[in-house]
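One line per chain: the protein sequences are B and Z, in this order.
Note that my numbering has the first sequence beginning at 1, numbered continuously upward.
Note that my numbering has the second sequence beginning at 462, numbered continuously upward.
One should not assume that every hint holds.
[Stated by the list, open to error] Once the Cα atoms are required to be at most 27 Å apart in a straight line, the calculated DSS-like pairs of lysine-lysine come out as: (1) B:K258 to Z:K579; (2) B:K349 to Z:K640; (3) Z:K669 to B:K387; (4) B:K139 to B:K18; (5) B:K387 to Z:K664; (6) B:K412 to Z:K640; (7) B:K461 to Z:K664; (8) B:K349 to Z:K664.
Bear in mind the hints are in silico, worked out from the structure with no lab data behind them.
Remember, predicted model here, so these are calculated numbers, not experimental data.
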Amino acid sequence: MKQELLVTAIIFLLLFIKLSTKEWKVETSLTVINILLFLNLVSGFFYIRTGTLFGDMFRTSELLAFEKNILNLGTFIISLQSYSWLKQHKHVPEFFMLMLCTLLGMFFMLSSNNLLMFYLGLELSSIPLAAMANFDLEKRHSSEAAMKYIMSSAFSSGLLLFGISMLYGATGTLNFDEIAGQLTTQNSLQVFSFILLLAGFGFKISAVPFHLWTADVYEGSPVAVTSYLSVISKGSVLFVLVSVLYNVFRGLDASWYKMLFLISVLTMVIGNLFALRQQNMKRFLAFSSIAQVGFILIGITGESIEGSASVIFFIMVYVFSNLAAFGVISLVSAATGREGVDDYKGFYKTNPLLSWILAIALFSLAGVPPTAGFFGKFFLLLAGAGKGNYWLITIAALNMVVSLYYYLRVVKAIFMDDNESPVEKIHAPLSPKIAMLVCTAGIILTGLMSGAYNYIHSLLK
Amino acid sequence: MNYSSYIALIPLLPLAGFALLGLFGRKYFKQSSGIIGTLLLLVSTGLALYTAYQYFFVNGKVDGVYQSITAIKYTWLSFSGNVSIDMGIILDPISVMMLVVVTFVSLMVHIFSLGYMKGEERFATYYAFLALFTFSMLGLVVSTNLFQVYMFWELVGVSSYLLIGFYYDRPSAVAASKKAFVVTRFADLGFLVGILILAYYGKSLDIKTLVENINSTELANITTASFFGISALTWGLTMVFIGGAGKSAMFPLHIWLPDAMEGPTPVSALIHAATMVVAGVYLVARLFPLFTLTQSTLNIVTFVGLISAFLAAIIACTQTDIKRVLAYSTMSQIGYMMFALGVSGYTGEAELGYTASMFHLFTHAFFKSLLFLGAGAVIHLVHSNEMKDMGGLRKYMPVTHITFLIACLAIAGIPPFAGFFSKEEILLAAYHSNKIVYAFALFTSGLTAFYMFRLYFSIFWKAKGPSMLVEAHSPSPLERDWGEAEGPISMKLPLIILGACTVIAGFIPFGKYVTSDGIPLESHFDLVFSIAPVAFGIGGILLAMWIYKKESERPSRISTALGGLYKTAYHKFYIDEIYMFITKKIIFNLVGRPAAWIDRNIVDGAMNGIAWTTGKFSAMIKGIQSGRVQGYALFFFGGIIVLAMIFLYLWK
Chain B
1 MKQELLVTAI
11 IFLLLFIKLS
21 TKEWKVETSL
31 TVINILLFLN
41 LVSGFFYIRT
51 GTLFGDMFRT
61 SELLAFEKNI
71 LNLGTFIISL
81 QSYSWLKQHK
91 HVPEFFMLML
101 CTLLGMFFML
111 SSNNLLMFYL
121 GLELSSIPLA
131 AMANFDLEKR
141 HSSEAAMKYI
151 MSSAFSSGLL
161 LFGISMLYGA
171 TGTLNFDEIA
181 GQLTTQNSLQ
191 VFSFILLLAG
201 FGFKISAVPF
211 HLWTADVYEG
221 SPVAVTSYLS
231 VISKGSVLFV
241 LVSVLYNVFR
251 GLDASWYKML
261 FLISVLTMVI
271 GNLFALRQQN
281 MKRFLAFSSI
291 AQVGFILIGI
301 TGESIEGSAS
311 VIFFIMVYVF
321 SNLAAFGVIS
331 LVSAATGREG
341 VDDYKGFYKT
351 NPLLSWILAI
361 ALFSLAGVPP
371 TAGFFGKFFL
381 LLAGAGKGNY
391 WLITIAALNM
401 VVSLYYYLRV
411 VKAIFMDDNE
421 SPVEKIHAPL
431 SPKIAMLVCT
441 AGIILTGLMS
451 GAYNYIHSLL
461 K
Chain Z
462 MNYSSYIALI
472 PLLPLAGFAL
482 LGLFGRKYFK
492 QSSGIIGTLL
502 LLVSTGLALY
512 TAYQYFFVNG
522 KVDGVYQSIT
532 AIKYTWLSFS
542 GNVSIDMGII
552 LDPISVMMLV
562 VVTFVSLMVH
572 IFSLGYMKGE
582 ERFATYYAFL
592 ALFTFSMLGL
602 VVSTNLFQVY
612 MFWELVGVSS
622 YLLIGFYYDR
632 PSAVAASKKA
642 FVVTRFADLG
652 FLVGILILAY
662 YGKSLDIKTL
672 VENINSTELA
682 NITTASFFGI
692 SALTWGLTMV
702 FIGGAGKSAM
712 FPLHIWLPDA
722 MEGPTPVSAL
732 IHAATMVVAG
742 VYLVARLFPL
752 FTLTQSTLNI
762 VTFVGLISAF
772 LAAIIACTQT
782 DIKRVLAYST
792 MSQIGYMMFA
802 LGVSGYTGEA
812 ELGYTASMFH
822 LFTHAFFKSL
832 LFLGAGAVIH
842 LVHSNEMKDM
852 GGLRKYMPVT
862 HITFLIACLA
872 IAGIPPFAGF
882 FSKEEILLAA
892 YHSNKIVYAF
902 ALFTSGLTAF
912 YMFRLYFSIF
922 WKAKGPSMLV
932 EAHSPSPLER
942 DWGEAEGPIS
952 MKLPLIILGA
962 CTVIAGFIPF
972 GKYVTSDGIP
982 LESHFDLVFS
992 IAPVAFGIGG
1002 ILLAMWIYKK
1012 ESERPSRIST
1022 ALGGLYKTAY
1032 HKFYIDEIYM
1042 FITKKIIFNL
1052 VGRPAAWIDR
1062 NIVDGAMNGI
1072 AWTTGKFSAM
1082 IKGIQSGRVQ
1092 GYALFFFGGI
1102 IVLAMIFLYL
1112 WK
């Protein structure tokens, strides 16, 4: 509960800052917020408790604390990266209040041991996101993205709630442990309510066919929000998905294994096919991140300790890799407003360091050694192969080749293509620099040092 | 006996070189970075040679059998209870041999590049990439664990991508590097699936344990579990072989190799002659105990190898770019190594093929890198890759000429040069196992002699000399010291060393050291048997001499006489075109374009349509809301319905 309390405290602190009569300078408040977020991150590693609260509604464990730390870290990095963008913005405390509210929602969702608590957390993490998507106040695209997000989100929540109520009807309880005892694949009502729940998850992680909102919303939102949506929001739901599938719905595993198989293949193939042709960097990353989710689902199909471990490990790697890519894009976008793939032609000539960071991030996303993405993908496949389903593995491997192709297309644009007016030299402020450093170090170290995976694996035993 | 302390340095020194030159090279070392890289590798080479000496002559053999020694093993990560991922160094005859080959050839290339790449703007970067490549290749050959193999395998791919694309301002180099990366990556997916299948049944990623498990307890499982009527073992190994075939440029995955010649020529000598391209052969040899369990996979290996050897030899006869000739020749020779493995058994007399394959790998490394470096020296002088720009160069570059001739004789299989001995053994192994394979192999060896000497005569004989050289110095060609034309000593020295190796390497009694089961093989030399191959070799040489030694109408007459066949071979049997057709026309048009079309028309269209039918209301607020969201919701709902239908009724 400590992590939740801390986030709540920060939210209130921000509220007071906003309400106080004294006008804070934007730079000062950004620095203060970053320090607060950093403290929040660090404190997550101490005094970890395990147990349940509120009559079995809320539970916590070392593993959950670790997952929350990953989310904290991601939020901190995003906050550092959005420095240049928020510097020109009038409503800095509000932005962070909204962001931390969603984070709090995710924490509750992760810790939930009850369907209502889960739903509460999910909603708390979704609704403020729509307001965040609208944060480029003057841009029409931004409002459009927010509108689309809130509409789709409401729709999916409605169906999710429908599923929850049916599940309650079928089992007579909302408690996870009690539900787990009563599920069988024979009961069509249970399977159908599970499908509704899965669709709700599918919406949040943008799995095909529940992904349609993704590209528009990613493209329209400010880069910081896009990266928050694609990394933190997705990551948290995936954490929950693994534990819910393995613990609550293990009675239906014969069904959900096939569903995940289908959804995973669709997600990889469609994500990749669309990513091939994108010209906008944000849209490109949006589709490629859809394909990444397809990959993660393979790890989940493994249904073993290794399955969870590889998924959690991969999400951690994905946080670093994707945020590194978004970090560079956000700098370029804040400095020049250019977001097309073609705008990155000749980028190496003017910004060699940023080019390398982006290239390493893309290599990690493509799964090229020695970056962490290579290890992450290999572990996912190894876990998925535990079921002996080689169709899935072969399709996944084929998709890895396709994804390599389009990631290399961007790398080629950066390093090799000529451009008469490349993006000019960008001078990054200190905090985005720190963020880049953390991400790049993360991409390289989490792969080469085996400690991270071993630690996750030990938490699961 | 403690190997570990210094053996780890063999791969680690190049890694240090990469880090040092990569991070600081451009700023602080500049031209001296070549020297630094070379010196580090010199130490590595020394250590590798010392290791080989220790292993083969001092303590590798126990009771007359060469042991497989795990010098270092560090459990890097334990994935689950019984699957752990180790990083380690294994010493057995083939890995020790490869250590020597890789470090030695890499050293020669390092030295050669001192002269060849001199004055290049990204000189330090070039040496950093070379060091990275050498490190990856060394890591690959000493792997104890399939994951380690796979990781270094991919790293080798990455570093060769960097090296082939080194001239990144040339579009053709960029395209070539990307092609090589994507094609080999495509093959690697086979490798990956193969590893996962083997690991699933063998219950381990450690090669030794895996082989033991499959040979003993899991054999029944893996051979009975079948998929489309073929056993899991065959599937797994075939998949692994696909990976190997991709790296080793075997038919039909060879299309990247000729294009990869866009990289700097010394790089071709390193990557495309001696090291990376033989990785596939090495992989098959490394997993050979498993391959011998299933004859059907060995047959695939044999025939893919044979087709590659034969096809590439024919194509090589028609190419005019000297590096492409060498590229196809490499493919052909690797084909030899592959089918030699394919016809081999695991123990006793039958393992001759295995030994022969490794022997040919060993000798080929020397003479092929010599040929590439020689070609590099020629290109350095005439600034062209085309045969028609050359001719008569023997006067201008005597050292290159002699060493190139030695290498040509070696590859043509003329005694007493290295190629003769190794090819002889391959042919003998083929003869004992399958007469058809033998016949093709014999004919191919004649072709080899022909195209190599076509190359040789076209470069060094034929005309008086390249017009630019003759004209530029026409007043008094004799006054100039033409030794200069060959470049500095750093370019000549490797040629001489490799030339010497090419002469003596064949006399190593290879069967005594390198066999599949570690028990020395008595090599029996049969004089009568070698008459046919040598006769074919000499025949090929004489034919090439008759056609190409002097400037004449003969080449063009012959090519016209051959007509369609020549044209087909010249266009490399249109294999690239077939691939282009499949990827561009079929995959892009049939899959990619419809997908984009659906995105544009159906999805967007449907959304717009729905928006339109929602009536004028949507038009009123169109500014804020494009109307598509309803469509998204429809899709969402449809998805649920479809899932429910499938999983409640159809696929329970």
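Outcome of the hint check:
{"no.": "1", "hint": "B:K258 to Z:K579", "result": "violated, 60 Å"}
{"no.": "2", "hint": "B:K349 to Z:K640", "result": "holds, 24 Å"}
{"no.": "3", "hint": "Z:K669 to B:K387", "result": "holds, 24 Å"}
{"no.": "4", "hint": "B:K139 to B:K18", "result": "holds, 24 Å"}
{"no.": "5", "hint": "B:K387 to Z:K664", "result": "holds, 13 Å"}
{"no.": "6", "hint": "B:K412 to Z:K640", "result": "holds, 12 Å"}
{"no.": "7", "hint": "B:K461 to Z:K664", "result": "holds, 20 Å"}
{"no.": "8", "hint": "B:K349 to Z:K664", "result": "violated, 49 Å"}
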